[in-house]
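Protein chains in written order, with this note's numbering: chain A, 1 to 277; chain B, 278 to 554; chain C, 555 to 831; chain D, 832 to 1108.
These are computed hints drawn from the structure, not numbers from a lab.
Heads up, a few of these hints could be off.
Stated by the list, open to error - A few chain B residues that face chain A, going by a derived Cβ cut-off under 10 Å, partial list only:
1. Gly329
2. Arg330
3. Thr331
4. Pro362
Unchecked claim - Derived CB-CB ranges, DEER-like:
5. D:Leu884 / B:Ala428: 52 to 62 Å
6. B:Gly325 / D:Asp1027: 16 to 26 Å
7. B:Val455 / A:Arg67: 51 to 61 Å
A quick note: this is a predicted structure, and the numbers were derived from the prediction, not measured.
C-beta: ideal position from N, C-alpha, C; glycine also.
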Amino acid sequence: MSVPVHVTGEVLASKRIGAYQHLTLVAPGVGERFRPGTFLAASIGAPGDIGGRTRLGRRALWIHQVRPLGGYAATVQVVVEPVGPGTRWLAALERGDRVEVTGPLGRPFALPKEPVPTVLVGEGYAAAPLFALAERLRERECPVTLVLGAADDARLLNALEARRTARAVTVVTRDGSVGTRGEIADVIDEVLRRADADVVYAAGSTPMLHAVARAAEAHGAWSQTALEQPLTCATGLCLGCPVPVVGEDGVARTARACADGPVLRGDRVRWADLVGT
Amino acid sequence: MSVPVHVTGEVLASKRIGAYQHLTLVAPGVGERFRPGTFLAASIGAPGDIGGRTRLGRRALWIHQVRPLGGYAATVQVVVEPVGPGTRWLAALERGDRVEVTGPLGRPFALPKEPVPTVLVGEGYAAAPLFALAERLRERECPVTLVLGAADDARLLNALEARRTARAVTVVTRDGSVGTRGEIADVIDEVLRRADADVVYAAGSTPMLHAVARAAEAHGAWSQTALEQPLTCATGLCLGCPVPVVGEDGVARTARACADGPVLRGDRVRWADLVGT
Amino acid sequence: MTELAGLRLASPVVVAAGCGGTGRELAAYGALAELGAFTTRSITLEPRSGGPLPRFVETPAGFVHATGLPNPGIDGFLATELPWLLQQRTRVVVSVAARSLGDLVELARRLGSAPGVSAVELNLAPPEGDDLLVSREPFQVGAAVAAVHRELPRGVPVLAKLRPDVLRVVEAARSAVEAGAEAVVVGQSLPAAMPDGRDAGLSGPAVGPLALRCLTEVVAALQVPVVACGGVATAEDVRVRLAAGAAAVQVGSALLHDPTTAARLVAALASHEGERR
Amino acid sequence: MTELAGLRLASPVVVAAGCGGTGRELAAYGALAELGAFTTRSITLEPRSGGPLPRFVETPAGFVHATGLPNPGIDGFLATELPWLLQQRTRVVVSVAARSLGDLVELARRLGSAPGVSAVELNLAPPEGDDLLVSREPFQVGAAVAAVHRELPRGVPVLAKLRPDVLRVVEAARSAVEAGAEAVVVGQSLPAAMPDGRDAGLSGPAVGPLALRCLTEVVAALQVPVVACGGVATAEDVRVRLAAGAAAVQVGSALLHDPTTAARLVAALASHEGERR
Ligand SMILES: Cc1cc2nc3c(=O)[nH]c(=O)nc-3n(C[C@H](O)[C@H](O)[C@H](O)COP(=O)(O)OP(=O)(O)OC[C@H]3O[C@@H](n4cnc5c(N)ncnc54)[C@H](O)[C@@H]3O)c2cc1C
Ligand SMILES: Cc1cc2nc3c(=O)[nH]c(=O)nc-3n(C[C@H](O)[C@H](O)[C@H](O)COP(=O)(O)OP(=O)(O)OC[C@H]3O[C@@H](n4cnc5c(N)ncnc54)[C@H](O)[C@@H]3O)c2cc1C
Ligand SMILES: Cc1cc2nc3c(=O)[nH]c(=O)nc-3n(C[C@H](O)[C@H](O)[C@H](O)COP(=O)(O)O)c2cc1C
Ligand SMILES: Cc1cc2nc3c(=O)[nH]c(=O)nc-3n(C[C@H](O)[C@H](O)[C@H](O)COP(=O)(O)O)c2cc1C
Ligand code: FES
Ligand code: FES
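When you get a sec, could you build the whole thing from the sequences and use the hints?
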């Protein structure tokens, strides 16, 4: 776990792509500490105006890209799907607006020590952390196969860029608007077999992660699953985000999705006891 | 008292003039019922998002102008001085933004039945209701003298337009940036004498209103004072805005600033018992 | 049609004591006849002019208020306010508060002989106004109910309004029922303090989850009809309370923020009812 | 320097029970040594894994929470969490909750022999977790304090944490003091319900005005040092409570919204102190 910072960030750019709003933030300290799989937590409401806050819980967002831009060493890009009051507020931010963020939070994807074949599976905006992960894996000479799933074309993240990053890309949409029609669960076995994967990385909904973890186990691969559980503080303080796990010692335990996760070993999560979201 | 409506208005235009933000609103029903001296109450926060509201009290704004614009029969113009969270939120609204408003609220200025000489006194943004009042008075052939006071030039409302509406205009600023340096209280006696006023209309801070009411009394004129008291509901429901008055029967009573006011007869207000704001 | 303590109500949505003004102000935003009932502000034997300013402080959790229960006294009320309310063909619930049991009996006697009063609600725990009777212990609730009940004709039920104090609310409700209360209102402003230290009540969002807990406990323990009060602002709030076993709900300070709240909730529930039929 | 029950605190700002995680998470946002003290989440005799999801609901009035007090039990705490906290050179106040007086005594015994514990805080009114001891009446507060006090060495004061229940708080505080409590904490989550009906606590803005009222009453009635808890988020909140006679303040759920809150308040008060000198 890297040490997070809490800063007032500034929006450098906001761009609609398909169903998502891509925000680029200047958030000193967050990008510098980033590792793929970590996230940031945003406060909903104008910075400083504590009396004006009604959304007291934090909103978690995957850190998508970190790059130098406009004279800043490490701007942070996030992908927001406006689904509720918080994400709508975030999606409406404009260049120059300010937002309080904490990050990077959580434990990142663990990288293999050897140059083993890997499969990266992302669903909707949750594919966001996979592109930076793919880069790190390529640096370690791990072959990367990408699986991108989404409800439809508009929710498919960076499919074009994906083809540059990965050796092979499989696209699945629920409505069949691009790629195969169906769910990630329908194709994952075949992809793992073809890639001969040693490690599978996945980010998305609980049922998808469960399916991926199960498939990985069947193929004798490690899985690293990045969970999205409803968070309150997102910083490990409130114990509101329990995930049932099995410890190294085989004993059933409870991990915090935000602080012990969001990335957990797929074979350690007690999926059946986890309430899906 | 006209019957108010509660509607979701839309911002048609927002323009900075000096220290004030002039907002033009489409608020069906409000403009149609307007009489000078009435106000509207705005809810702070996006319409519909009740769970997102923290400023539960309403924010009162004088109705400045009502006019046909952009195909709407009666748009409503208000003048906002951003001083706190609510007025800052209002001042930041842009064309197309929506805001819940209730109005017109309160009792308007009473108009004289005869074409008698009148003096209208306004301080800062509170001069807003006087321009429409001046028009109505001119329709009744009442000679109008205007006194505009403000802290400085940037807070002087429509001084140019004033010269078109009124027979004579006196301008007073605290810093002397335009007109006489000083307070309205310093000049009011002289103005009343010169205008030989029968009725004085005033809107602004409590000390100024008190001074005007006192001067009117000394000159044997009626005064109609439009009070700004801190309001909570602004609709007469909460009894949070008591103004000590003397009834027609000479008995001390309590009036509600929002519903029995904001315009009260200057000789009926027990100024000494009123906490200034 | 909602049935409450032998009364047929046009809607389960009732205006809470002290939040609907005299009724006239509220009538601008929707016919009072369509409400389940209109509860008056608490009427005392003698007129009260109320306390000093500020009477309200705005917080995200609700209004902190210290009005001192201004009201025209029972004689003034019966002479001027009640007749107008009855003309609106709405059910009128008269709330009463008193300095002593003797005063309470006297109030009940006068109300008992006033035609048209649908029910009498006992304000047994005003959070401010320390000259008023506060039923601290459950047996005091029973004593107050019994005293009032004796004075009222059959057909004019007594509603005991109870503080949402989880440790005592069930016992207080039981005591009220045993003493003859036909229904209980669970929910009241919470005893709070103004920033300047004066005793005050806290009303609004804060009361919601607390009163809901008390509602649940009273419904589980007793057979009495319960009116839920506290923190109601949305149709969802109403549905949660009806689902938890409330016979009706009261809308209080939400009206200060949006005077159409009660009318809006009446309509929302009626259309929801319509859908289900 | 703040003095509390014989302890010298580096600041009057203390982290409230259950809102600072294990301490490690909070340490990222400011050195724990600069806090007045760190209060642990309530520790029980046996480990607790906590309740089902959802554990938190966000409301404008604060968080409604039902975590079920997850904690590693006293043995786990003493073995893993306490040593780390002591390394931080912060004052550690251990909060305890129990299912019986016997368990409470056992907890006190173990804490009494653990070096480094600055004080023991008794959670006498957990708003949820119905298997836990709740001191409903003042005499029960006294009994609990007496039982714990006997087991603790001199120099380890007992802080009795009291529910902000205005009708009982003075008696409860008196009872605590007579039984040996060196200080009382006035403020606790309020007993509330989740929308699905489960017992829960309400913390945050809602608690502020209620606990302030209780603080005022306790300070007026008794000589005991009082720690104010509930709804503290800004330096102004701290100042109001210190001015009302609190010896120190606890910051709770504001940390879940902004993990830097405690550090920020420590700094704000220190600079304020500096200004006054
Ligand atoms: C580690 C992590 C990373 C995330 N990254 C992103 C991201 O990059 N982009 C993005 O758009 N969203 C992301 N989310 C999801 C996002 O944080 C939630 O959707 C957000 O909290 C919703 O807030 P809201 O106020 O808009 O809507 P709410 O009103 O809070 O919720 C809207 C809907 O989302 C559901 N929901 C609420 N919280 C969560 C949650 N934590 N997980 C799943 N569903 C939830 C609700 O049940 C409801 O259906 C992430 C969540 C986690 C835990
Ligand atoms: C009838 C009426 C008409 C008004 N018309 C206008 C107008 O046309 N344009 C305009 O800019 N403002 C007007 N005001 C004043 C405006 O409503 C208040 O300044 C506003 O409520 C401040 O809200 P806020 O959230 O910005 O600041 P707050 O934080 O509420 O207050 C900011 C400052 O204003 C003071 N204040 C708060 N409420 C009032 C009040 N009601 N009257 C005087 N001082 C107050 C506070 O003490 C504080 O110093 C009017 C007020 C009334 C009563
Ligand atoms: C301005 C105001 C005045 C009130 N006056 C009374 C009153 O006279 N009698 C009474 O029993 N309750 C009174 N209350 C309490 C409300 O009836 C209601 O019980 C309380 O506000 C909780 O409901 P809410 O959260 O919907 O506001 C008053 C509340 C407010 C905000
Ligand atoms: C997530 C959470 C966990 C809490 N856990 C405890 C606890 O273990 N023991 C306790 O005495 N109080 C606990 N509390 C109550 C707080 O210590 C505090 O008394 C209460 O939240 C009111 O303060 P606030 O308004 O600053 O949050 C908890 C509160 C929250 C929000
Ligand atoms: S969300 Fe608070 S501990 Fe994870
Ligand atoms: S502000 Fe509510 S009655 Fe005037």
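Return holds or violated for the Cβ distance of Val455 of chain B and Arg67 of chain A against the range 51 to 61 Å.
About 52 Å separates the Cβ atoms of Val455 of chain B and Arg67 of chain A, which means 51 to 61 Å holds.
With a cut-off of 10 Å, does the beta carbon of Pro362 of chain B approach a beta carbon of chain A closely enough for the hint to hold?
Since chain A brings a Cβ to about 6 Å from Pro362 of chain B, closer than 10 Å, the hint holds.
Restraint: Thr331 of chain B near chain A, CB-CB cut 10 Å. Satisfied or not?
Thr331 of chain B check passes; min Cβ-Cβ to chain A is 5 Å, inside 10 Å.
Note whether the CB distance of Gly325 of chain B and Asp1027 of chain D lies within 16 to 26 Å or breaks it.
holds (25 Å)
Hint validation: Arg330 of chain B versus chain A, beta carbon distance must be below 10 Å. Holds or violated?
holds (7 Å)
Assessment of proposed distance window 52 to 62 Å (beta carbons of Leu884 of chain D, Ala428 of chain B):
With a Cβ separation near 56 Å, Leu884 of chain D and Ala428 of chain B satisfy 52 to 62 Å, so the hint holds.
So, as I understand it, the hint says Gly329 of chain B touches chain A; can you test that by seeing if any CB pair is closer than 10 Å?
holds (5 Å)
When the structure is compared with the earlier hints, no violation turns up for any of them.
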